[in-house]
Structure formats: structure tokens, C-alpha cells
Amino acid sequence: MEKEEVIVIKDLYKFFSDKPILRGISLTLHRGENLGIMGKSGIGKSVLAKCIVRLIEPDGGEIKVLGTDILQCNDNELNEIRKKVGYLFQGGALYDSMSVRENLLFPIRRTQFVDKKREAEELIETSLRSVGLLEAIDKMPSELSGGMKKRIALARTLILRPEIILYDEPTTGLDAVTSGEISELIIKIREEYNTSSIIITHDTKCAKMATDNIKIMDDGVFIAEGTYDELSHSKEKEIRDYFI
Amino acid sequence: MKKINTKSLKVRNLKIKKFHIDEDIRNFYNGIFIDLGEMILFTGKVIKQFFQPPFEHKEIVKQGFLIGNKSLSLVSVTGFIMGLVLTMQMYPILSDFGAQTLLPGVIAIAMVRELGPVITGLICAGKISSGIGAEIAAMTVTEQIDAMEVSGTKPLGFVVATRVLAATIVVPILVIFADALSLLGAFLAINAFEYMSGTLFINSAFGMLGFIDLIPATIKTVFFGFFIGLIGCYKGYNANKGTESVGYAANSAVVSSSLTVFVIDLIFVLIINIL
Numbered sequence: 000m001e002k003e004e005v006i007v008i009k010d011l012y013k014f015f016s017d018k019p020i021l022r023g024i025s026l027t028l029h030r031g032e033n034l035g036i037m038g039k040s041g042i043g044k045s046v047l048a049k050c051i052v053r054l055i056e057p058d059g060g061e062i063k064v065l066g067t068d069i070l071q072c073n074d075n076e077l078n079e080i081r082k083k084v085g086y087l088f089q090g091g092a093l094y095d096s097m098s099v100r101e102n103l104l105f106p107i108r109r110t111q112f113v114d115k116k117r118e119a120e121e122l123i124e125t126s127l128r129s130v131g132l133l134e135a136i137d138k139m140p141s142e143l144s145g146g147m148k149k150r151i152a153l154a155r156t157l158i159l160r161p162e163i164i165l166y167d168e169p170t171t172g173l174d175a176v177t178s179g180e181i182s183e184l185i186i187k188i189r190e191e192y193n194t195s196s197i198i199i200t201h202d203t204k205c206a207k208m209a210t211d212n213i214k215i216m217d218d219g220v221f222i223a224e225g226t227y228d229e230l231s232h233s234k235e236k237e238i239r240d241y242f243i
Numbered sequence: 000m001k002k003i004n005t006k007s008l009k010v011r012n013l014k015i016k017k018f019h020i021d022e023d024i025r026n027f028y029n030g031i032f033i034d035l036g037e038m039i040l041f042t043g044k045v046i047k048q049f050f051q052p053p054f055e056h057k058e059i060v061k062q063g064f065l066i067g068n069k070s071l072s073l074v075s076v077t078g079f080i081m082g083l084v085l086t087m088q089m090y091p092i093l094s095d096f097g098a099q100t101l102l103p104g105v106i107a108i109a110m111v112r113e114l115g116p117v118i119t120g121l122i123c124a125g126k127i128s129s130g131i132g133a134e135i136a137a138m139t140v141t142e143q144i145d146a147m148e149v150s151g152t153k154p155l156g157f158v159v160a161t162r163v164l165a166a167t168i169v170v171p172i173l174v175i176f177a178d179a180l181s182l183l184g185a186f187l188a189i190n191a192f193e194y195m196s197g198t199l200f201i202n203s204a205f206g207m208l209g210f211i212d213l214i215p216a217t218i219k220t221v222f223f224g225f226f227i228g229l230i231g232c233y234k235g236y237n238a239n240k241g242t243e244s245v246g247y248a249a250n251s252a253v254v255s256s257s258l259t260v261f262v263i264d265l266i267f268v269l270i271i272n273i274l
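Those protein sequence lines, which keep their order, are chains A and B. If you use numbering that gives the first Met the number 0, the first sequence corresponds to residues 0 to 243, in order. If you use numbering that gives the first Met the number 0, the second sequence corresponds to residues 0 to 274, in order.
Calculated from the structure, these hints are not laboratory results. Be a bit skeptical, because a hint or two may be false.
Below, simulated EDC-like cross-link-like pairs (lysine to aspartate or glutamate); rule was C-alpha separation at most 20 Å, straight line [what the hints assert, rightly or not]: (1) A:K82 <-> A:E4; (2) A:K82 <-> A:E118; (3) B:K61 <-> A:E101; (4) A:K207 <-> A:E229; (5) A:K2 <-> A:E32; (6) B:K44 <-> A:E4; (7) B:K153 <-> A:D114; (8) B:K240 <-> A:E56; (9) A:K82 <-> B:E134; (10) B:K153 <-> A:E56; (11) B:K47 <-> A:E76; (12) B:K61 <-> B:E134; (13) B:K153 <-> A:D74; (14) B:K153 <-> A:E229; (15) B:K57 <-> A:E229; (16) B:K44 <-> A:D74; (17) B:K69 <-> B:E134; (18) A:K83 <-> B:D145; (19) A:K39 <-> A:E235; (20) A:K234 <-> A:E224; (21) A:K63 <-> A:E4; (22) B:K57 <-> A:E101; (23) B:K240 <-> A:E76; (24) B:K47 <-> A:E79; (25) B:K61 <-> A:D95; (26) A:K82 <-> A:E56; (27) A:K116 <-> B:E58.
One chain only, chain A, in its complex shape (with noise of 0.2 Å):
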């Protein structure tokens, strides 16, 4: 049996500009899929990503999320999609006037996810044990180093219980092994919440642990696809220097 398509996009563009970004981009994520998106930087990776919670508005095509067309819905429907789409930013973008708790709470809060004080703390504190920081609950974001905001910033990813988290970058600035850690996290996160995930990355390390299938972007277009193993053993040359 085919597996559901929880991300569907058809044919997006992007123009920043005259400047292409985007180029008739078309992908697929299945339910309970990781995907990776690999490629060098500034070819409009986090910008897909973006297009796909409509933080940036595509100029043309189909983006489909859980079966709604996002660029048709309305303010309404995009917030209710959006709940079920975890972002986790490159920097982490943890609200650096609030502690922790504080940050995990403000979306628990404001979209009145649960009603009860007691339940939103045991939601905070399931989100911090899943990424194994519970001890960092009264910090404020500057105290944290850069891997502990990463992990943090995926707690409040986690808190809303998002179907489909959207990874920019997950491992960028991070030293080699926390970055296998943020990894094993991701890998972690897909058993125990059994989300579906798009990961943009250039680790090479993340790609292989994490992904279950990569796209290698290019000039605003996919110039190849497979598992990890396929693409770095390409007999392309061109396809292998990502791996590098």
C-alpha cells in the first residue's frame, strides 16, 4: 500500500527580484518519510522550506500540506496548518526576552493548545526530556551554547505535537559530535512522535543518518535524487562532490 503524501508541491517558483530562486521545483513527502535537501548555499533551500509555511509567498505552483492548498486558504486555515508543521530555524530563533519554560509555554498559550497550567507543564517538561535538556527549563536562551538552543528550539517544535517538522539546517555551527547528537535526535523525534520531516542540510553526517532519501539542488531545480549510498557513490562526479 502506498504510503499518504503529506507534502505534495507541484511546479513552485520563486523570484527574489529579476533572480530565479526557484524553478519549477516538484517533491513529495510520505508519511513518516525523512527527506533530505541537499546543496550548496544560497540556491534557495531554506526558501523552499519557507514557501511551504508561507513565510515567503511562492510566485507560482502548488503547494499542498496535509491535503489543503495552502496558497489558497485563508489566514484562518494557514495558522491551523501551521500547527501541524514544526519549523526548526538555522539559529535556533528562541525568544531571547523569555526563559525556556517561557518559550515553550508562549505557543502552548497563545494558540490555546491545552487549558489547564498542569497539563501545559507536563506538555513543557515531555518536550525537555525528549531532547534531553529538562535541567535547562529556568535558563534564559543567552546562557545556552549553540547545540543546547538547537535541541531547545526542537522542544518547542515538539510542543504543539507538529505532524511534519521542517529541519533548516539542523547541524550548522555545531562541532561533529553535536551534531551526531542533534541527528540521533532527529531520528529519535520520527520514532517517538512519529512525525514526517524535511531536513536541509550540507552534513554530510546528518544527511546519512537522518534521511531516508535525498534531493541534491541546484540552480532552483533538483538535479538528482536516491538514498544516501546511491548519490555518494554516483558515477557523476558532479554528484558525489556533495558528499565530499
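Given chain A, work out where chain B should sit, using these hints.
Showing chain B alone in chain A's frame:
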């Protein structure tokens, strides 16, 4: 592994041009009218957020305290000095005509009607609008606003509406405070020239002030507060990526909100004169 044929995709480049119409217009009109239009749309969205739950009472109080606390000392000193200086400048002129007893009333009218609101408005434009602009721009640059957007938490309601409301409430209070301190400054300055009792000063000052002076001046400061907060938020919210845009947002917020203070003042004076 599946190699994707990208040659077929090149045909689609022909369709590129039609997507650029709005950017061409933006360049053509030099951004001014587009910016104004975007500002009006932004204002509409923010006002809508005032009436949409969840209501962030605690955040409004917190922002109000921060805004008021940040500006209070500067507004106090400026108000006091304004009263002092105005009296010292006017006393010799009025005393030549033997009209020095009118001085408290003249100072009160000048401060309450015009100088207190406008000068406090300008100080708040410098302190509050730039502070809000820089803070929200920093949040935009570090993707904190985007993070709120993608979790469906409506940052306009939490970040923008609360700050605009806080500024709308706090600026009139700061103006009243500045007016009061300017009268204190005036009282001390008059007493430096000749003795005048507190009762006589108050009677003289408030004897010349009517509701026609107080009400429009207070309403005006509500608008000052609203636009000072709104412009700071708008500039910060629409900041570009990159750290230099934080400075740009702060600077542009000060310039725009200072200008807006004068424009609102002019509009109120024209309305009062017509009425």
C-alpha cells in the same frame, strides 16, 4: 539514483517576467506610496488584533512599564527645564509691561496646549519608537518573528498590538507628567525673580486654562502615542535580514514618528481653529 533532466525546465524561464509587476511598480514610485499603503494595511491588521483573543493584558502592562520607565527621567528633566527656561525668557518682557502676574497662565497655556505634548512626543519618538523599532527588527533578523508565525501564534497580536497599546496609554501620562513638572519649573523660576505664593501661582495658571485647552491636547497625545508605537513596530517588523537593518529600523522609526508628531499637531491645530 535518479538523475533529473533539467533541460526541460529551462523552457519555463520564459514565464518569469509576469511575476515582477509589483516590484517594478515599487521601484517606479520610489517606494513612498507603496510604503504608505503597506503602513495603512499594517495599521488595519494591528487594530484588528486589539479585538482578537487571546488578550495579552500582562504583556501590555509589562511593555507600558518598560516604555514609561525608559522615558520618565528624560521627560521629567526636559519638562522641568522647559518651564524654567520659558519663564526666564518671558519674565523680563512681561515685567516691562507690569504683566508678570499673567506669567503662570501664559506658561501653562503654552506648555499644556503645545510645548508639553510636542516636546514629550518628540522625546518619545526618539526613545520609544527607536527602542521598539530596534527590538522588533532584532527579533525579525534572528527569525523570532518567523518562529512565532510558523507556530500559528500571531506575532502581530503579541509583539505589535501590545506595544502599540502600551505606547498609546503611556505617552499621554508622560505628557501630563511633563506638563506638571514644567509648571513646577516655572514656579521656581518666578520665585527666583520675585516672591509668588504657590496658591497664587496655581490660581493664575489654572485660571487661564480651560477645557478647550486640556481636552484637545490630551486627545492629541493619545494619537502621538498610537503612532509612535505603531511606526516603531512597523519599521521593526518590516526590517530586512542582516544586522545593519536593526540600526536602519531604529533610525527610520525616529525620523518618521517625529515627523508624524508634527503632522498630527498641525492637523489638531487646524481642526481646533475650524471649530
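Here's how the hints hold up against the structure:
1. Using a Cα cut-off of 20 Å, the hinted pair A:K82 and A:E4 holds, with the two alpha carbons roughly 18 Å apart.
2. The straight-line distance between the Cα atoms of A:K82 and A:E118 is roughly 18 Å, inside the 20 Å bound, and the hint therefore holds.
3. Under the criterion of a C-alpha separation no larger than 20 Å, the hint pairing B:K61 with A:E101 is consistent with the structure, at around 15 Å.
4. Of the supplied pair hints, the one linking A:K207 and A:E229 holds, its CA atoms being roughly 11 Å apart against a limit of 20 Å.
5. Of the pairs offered as hints, the one joining A:K2 and A:E32 holds, with about 9 Å between alpha carbons and a cut-off of 20 Å not exceeded.
6. Distance hint between B:K44 and A:E4 is unfulfilled; the C-alpha atoms sit about 34 Å from each other, more than 20 Å.
7. Our distance criterion of 20 Å between C-alpha atoms is met by B:K153 and A:D114, whose separation comes to about 18 Å.
8. Of the pairs offered as hints, the one joining B:K240 and A:E56 holds, with about 16 Å between alpha carbons and a cut-off of 20 Å not exceeded.
9. Proposed proximity of A:K82 and B:E134 is contradicted: the alpha carbons are some 26 Å apart, above 20 Å.
10. Restraint check: the Cα-Cα separation between B:K153 and A:E56 comes to about 17 Å, which is no more than 20 Å; the hinted pair holds.
11. For the given pair, B:K47 sits about 17 Å from A:E76 by alpha-carbon distance, which is consistent with the 20 Å threshold.
12. As the CA atoms of B:K61 and B:E134 are separated by approximately 15 Å, the hinted pair is consistent with the 20 Å bound.
13. With a C-alpha separation of about 10 Å, the suggested pairing of B:K153 with A:D74 holds against the 20 Å cut-off.
14. For the suggested pair B:K153 and A:E229, the alpha carbons sit about 43 Å apart, so the restraint of at most 20 Å is broken.
15. Between B:K57 and A:E229 the CA atoms are separated by roughly 55 Å; this puts the pair beyond 20 Å, and the hint is violated.
16. Taking the CA atoms of B:K44 and A:D74, the gap is about 12 Å. The hint holds against a cut of 20 Å.
17. With a C-alpha separation of about 14 Å, the suggested pairing of B:K69 with B:E134 holds against the 20 Å cut-off.
18. A C-alpha spacing of about 16 Å is found between A:K83 and B:D145, which places the hinted pair at or below 20 Å, so the restraint holds.
19. With a CA separation close to 17 Å, the supplied pair A:K39 and A:E235 stays within the 20 Å bound.
20. A hinted pair counts as satisfied when its Cα atoms are at most 20 Å apart, and A:K234 with A:E224 qualifies at roughly 13 Å.
21. Distance restraint check for A:K63 and A:E4: the Cα-Cα separation of roughly 9 Å lies within the 20 Å cut-off, and the hinted pair is therefore satisfied.
22. A threshold of 20 Å between alpha carbons decides the hint, and for B:K57 with A:E101 the separation of about 14 Å falls inside it, so the pair holds.
23. Note on B:K240 and A:E76: the hinted pairing is violated, with a Cα-Cα distance of about 27 Å set against a maximum of 20 Å.
24. At roughly 19 Å between alpha-carbon atoms, B:K47 and A:E79 fall within 20 Å of each other, so this suggested pair holds.
25. Under the criterion of a C-alpha separation no larger than 20 Å, the hint pairing B:K61 with A:D95 is consistent with the structure, at around 16 Å.
26. Distance restraint check for A:K82 and A:E56: the Cα-Cα separation of roughly 18 Å lies within the 20 Å cut-off, and the hinted pair is therefore satisfied.
27. Between A:K116 and B:E58 the alpha-carbon distance is near 18 Å, which keeps this suggested pair within the 20 Å criterion.
The earlier numbered hints that this structure contradicts are 6, 9, 14, 15, 23.
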